[in-house]
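K.L.:
Go by the hints and put chain S onto chain G.
Those protein sequence lines, which keep their order, are chains G and S.
Residues 9 to 384, numbered by this note's numbering, are exactly what the first sequence covers, in order.
Residues 2 to 526, numbered by this note's numbering, are exactly what the second sequence covers, in order.
In short, the hints are calculated from the structure, not lab data.
For glycine and all other residues, C-beta sits at the position ideal for the given N, C-alpha and C.
Just to be clear, a hint being listed does not mean it is correct.
To be verified - Quick partial rundown of chain S residues pointing at chain G, CB under 10 Å, derived from the structure:
no. : residue
1   : 18
2   : 22
3   : 143
4   : 310
5   : 313
6   : 314
7   : 356
8   : 362
9   : 369
10  : 370
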Amino acid sequence: MSQQRIPAWITVGVIPLANVAMSALAAALVFWYLNINPLDALQAMVYGAFGSSYGWGYTLYYMTSYIFTGLAVAVVFQAGMFNIGGEGQAYIGALGVGLVCLGLGGHVPFIVLLPISIIAAFVFGGLWALIPAWLQAKRGSHIVITTIMFNFIAASLMNYLLINFMKPAGTMSVESAVFDPSSWIPKMHEVLALIGISIDRSPLNLSMFWALFVAFAVWFFLWRTRWGYEVRAMGSNASGAQYGGISIPGTVIMIMIIGGGLAGFMALNVVQGEAHQIKLNLVNQMGFTGIAVALMGRNHPVGIVIASLLFGFLTQGGSELQFEYSVDARIVVVLQGLVILFSGALQNMMKHPIERLYLRLSSNRRKTSEEFAAEA
Amino acid sequence: MTAQTHSAAEYALELRGIDKHFGAVHANKNIDLKVEKGTIHGIVGENGAGKSTLMSIIYGFYEADQGDIAIDGQVLKIKDSKTAIASGIGMVHQHFMLIQNFTALENVVLGAESGELIDDSLDKARTELNRLSDEFGLSVPLDQPVEELSVGFQQRIEILKALYRGARILILDEPTGVLTPQETEHLFKVLDSLKAQGTTVILITHKLREILAATDNVSVMRRGEMVAHVKTAETTQEDLAELMVGRKVLLRVDKGDSAPGDVKLSVRNLSMTDSAGVKRLDNVSLDVRAGEIVGIAGVSGNGQSELLETLAGITPVDSGTIDLNGHTLDAQHPMNPSQVRKAGIGHIPEDRHRMGLINTFSAYEAFVLGYHRNHEYNGALQMKQGAIIEDCKEKMERWDVRPQDPYLKTANFSGGNQQKLVIAREIEQNPDVLLIGQPTRGVDIGAIESIHKRILEMRDAGKAILLVSVELDEIRSLSDRILVMFDGTIVGEVPADKADERTLGLMMANIVPDEIKALQAEESA
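With the rest of the complex left out, here is chain S:
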């Protein structure tokens, strides 16, 4: 009995023996977790380690097969998210769940209206939200439609939503994916002040640096199991990575000097306006030479996707010219994606589910997407299925795609292996120019290592590589030169050795630090 009251005081959330199967998949194996009250608790693990399943169980989306959940020492049955909210659990999802044309205030109140008339609820919420934002540094323009607010503000609204509903335990799922480093810093400050007021925060992320920066304790998950609970102060990135993967991993890539050759990809004054009339690319110019990697940093949604898709021939050019490996692409000379491929351009798209793969296709079918009209894969009438399958087997072996089953549906491969499928397909065609978008999004740490190695090999083989990524670490460790994009324009260029996080972060928010300005002035002079 005393032990019970003891734990009631100490732990905001306690999981005992949580077990969850999805058919044959054992997603959570006998998970124990104790989250101390008023702390920030990190949970790390690779994709598919079971983090999301576990959080969904806590938030009432799934019910565990076995095990107990105790909140403030009291065992509760959380059947749905309504119960979870009522027990003081709040969740900020990775993808925000906001109504775009509602104001911040309306979004917060949605689903928590208190009377028949909305005005009363809004008035009440306004008072409460003003109090909350003063207390935690969560100021948000309450009366502006959400669609006009930046991602950082949208995330604050999500946090306010949870707090307004009385959350004492706040779960954040990959909260920093869409933030600039400065916004991330601000978020961590908010979390700290929440902690100071006694709120318990659970932070799920795959960015180890952030875990070290923000949390008090860390739990590591691997393949559905909790493999370690450690105090953040007593661990390092390398230790955590090893715990996550189960073996030693190289976090930084060893990279020799680049030997840039001729310009292979040249963009001049490229602009593009989308169907809604929004200018997505504004006067973009850049060069990529053979044997170098040019990185494009920026918060996602600042025109990087549009740039890649325009270069790949998917989106037509409005104005400006592109020289793709000696072929001109502009409004007068449009090229479709297959013509771009024929010009020697490979394209690893940012989103493999939306573009890179056809999820219902078998691996061997996905392996020829974009090259399916090539002579070597086709007879007069039918595709040479045997040859395609042989080819696929060979490449799967070379790229260590697992399982090595050409007949398996692409949807059934893990994220890392799907990405390897796409990268292998594009690189194996031996293009002169590679357009790469988010090469390691949703990919396991172990696989990241090998993907990075392959990209550098391509560079050293004399390919011109344009790399778009929202992971600053990735941009910094792979690129030879870094361009920063903001709102469809290129803010500036930073040599890789000058690209520290602060500089890039400021530029991502469209502020060019003086030393970079000086550098650019020097160059143009």
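With the rest of the complex left out, here is chain G:
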């Protein structure tokens, strides 16, 4: 009853901000315990993430990855399921991107190669999600369990492929050959240099624009197409959707392919845009962080872009912190953990007090106007 009268600016504005503020407060306690002045730490993080074009570059580079992995969780969540397999789907997506770049790089122009690598990222990631989806739709195996398992399977498969097939002869490190430079997605600083703007070198590349476009496309898909309608109907009331003639197994399979494909896109940023080769463990927990991003962004593309920026800031600012104060590198994980704790697990802690406060204030306001009317 009470939710329906809470205006949107409270739900999507005030409450998430309060949650972030709570986690910042908790982080301050951690810094205080580490004998670091929390304000200095905050300054170091903000400066590190936003203080220079170098900082910005890294922040937005991380943001790009988080948008993809966050959307991968969110679209599936709109259908009422939990896709925990972003880690593996992104890894297999990287295989697709790598195969295209290794196979076609240098042979076809970039403009031809790029659409193929985009499709490959989507198809490889999507197919990796198809197996758990099929098991869920036809066999009832719970998708949370199967997607987690498929993360491990993906990691083992990639180990095997890298060591036995993709590692160039005579190298020690487990990674593929470097792609032909003609297949690389241009870096932002290179592109801006062409039009005379000079910024620092950073991994930020043009896939950021693709990420923003994909976020828009996901919104359009979910809220403007009949397929999105079916996905949301199923996520909100599966028996209602079935009554409406929506095929539940079909929708499960479709949305998981889309989710896996979105996770696969992450490889465009990390592999084709920055590393230019397939490396061991290249996803580096970003698939898992996508869960937090989706949670924080309330499974809405706009929220996910904002949450991705926040997590990009935490990742980049946190690593600056590590240089500055030589704290453990895992401080980033601690900070992310606090954000997840307060905006995910404890999200109702702030929600109810804030809603109650709002209701009390608004009913007071109404009461006074009623009294006023009565007197007049």
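P.N.:
Then chain S, alone, in the frame of chain G:
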């Protein structure tokens, strides 16, 4: 001081100025209520009138913003249901709160165990329950798991639970919704004997006939206010309905003769076994012709839901054949719900929350559920949102859905308006066959009138209508022929003019009266 002692003797429960807000909603406005000791007191009102809120306040689920509750003349602060129980208040909820695989005895004792070892408690409870059931006619097989007992027995267990905890004031919330007329009668007998022993009973219901049959006094609620307290003997159904709604209502529908045409829906030997291996439908056969309403009566849970869902393509057919408006649906020719719709079948599901609507959707989105792939609502890629919204506005106006706001979330409409949304959606597609389940469940009296009118209009327009309802009055006033279901089978058919309550009630308990048997023999001969 004398007045105090006077009221202590007279009133078991007294509410003074109870007021409750939920944010902007004023659920209870300055409610006064006096319930005389040892009487049966009815409380009627439409959905959302504030009955449940008021009872929840008495039972300690909510705390009132203002006002006092006095029990036996003593003002009490009821903070939680524990306090309420300790002060002698017992409540039988509409949905039973029983552990299905516990026995009746274990259910009664649950939460009221007296020692470390359960056996002592059970022994003590057994003696006490035997006494109670002798005294009030509440016999229950104490050692059988609840899941094996009928709904009537389950309700008795709920009453025993309250009495075992020493209830002197017993509140029953819509107790007859799931009972056959005979079970209802028995319940009222139990209530009478409780009354004779000095227990005070508060009966909440929307069935006016039952209020007249069972209570001594009635209080009527409308929009959060108590609008009247009357002696039952001095009032009529029509008066109560008018008090509830605030205007005159037509309780019976005027219905002309039906003019049945061709068979539009034909079911032959339909059987269905659910995933747990229970036979839900057993050799069901029926015909529905154009221009007639065939009603299916029965206590809920006797296969009516499964029948509707199978006809609508939601549940697959195990054996038997269905002819849906010229399309065959059987195990070899399965159809999904959208194919069934395309065959010209409309389906108003029994439970609008579970099926008919998507609660998080806006009204305009809910208005196309099931038809969302139709050509007129879709472009190549995106849905024609503008056209859908226009369409929705138009239909909302035609059906008087309030508020007329296509953007409002379906969950935020009242029950009656949600139901109108569903009915409007299905009827506006102009199907040849309409499957209707519980069209007025949880709908206000005022809205019931207009829904019934629309259903009859559809009949007169030559549609074949299959109507499932657990409200006997509804079945009797709308149907041209009535089929009674029991345990997945069709017990028999009764022409509408022969369908009195006793006959239907017996058939709902799988007893076919002789005159109906004779009638059926005549027909088959």
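K.L.:
For each hint given before, does the structure comply? Return the numbers of the non-compliant ones in rising order.
P.N.:
1, 3
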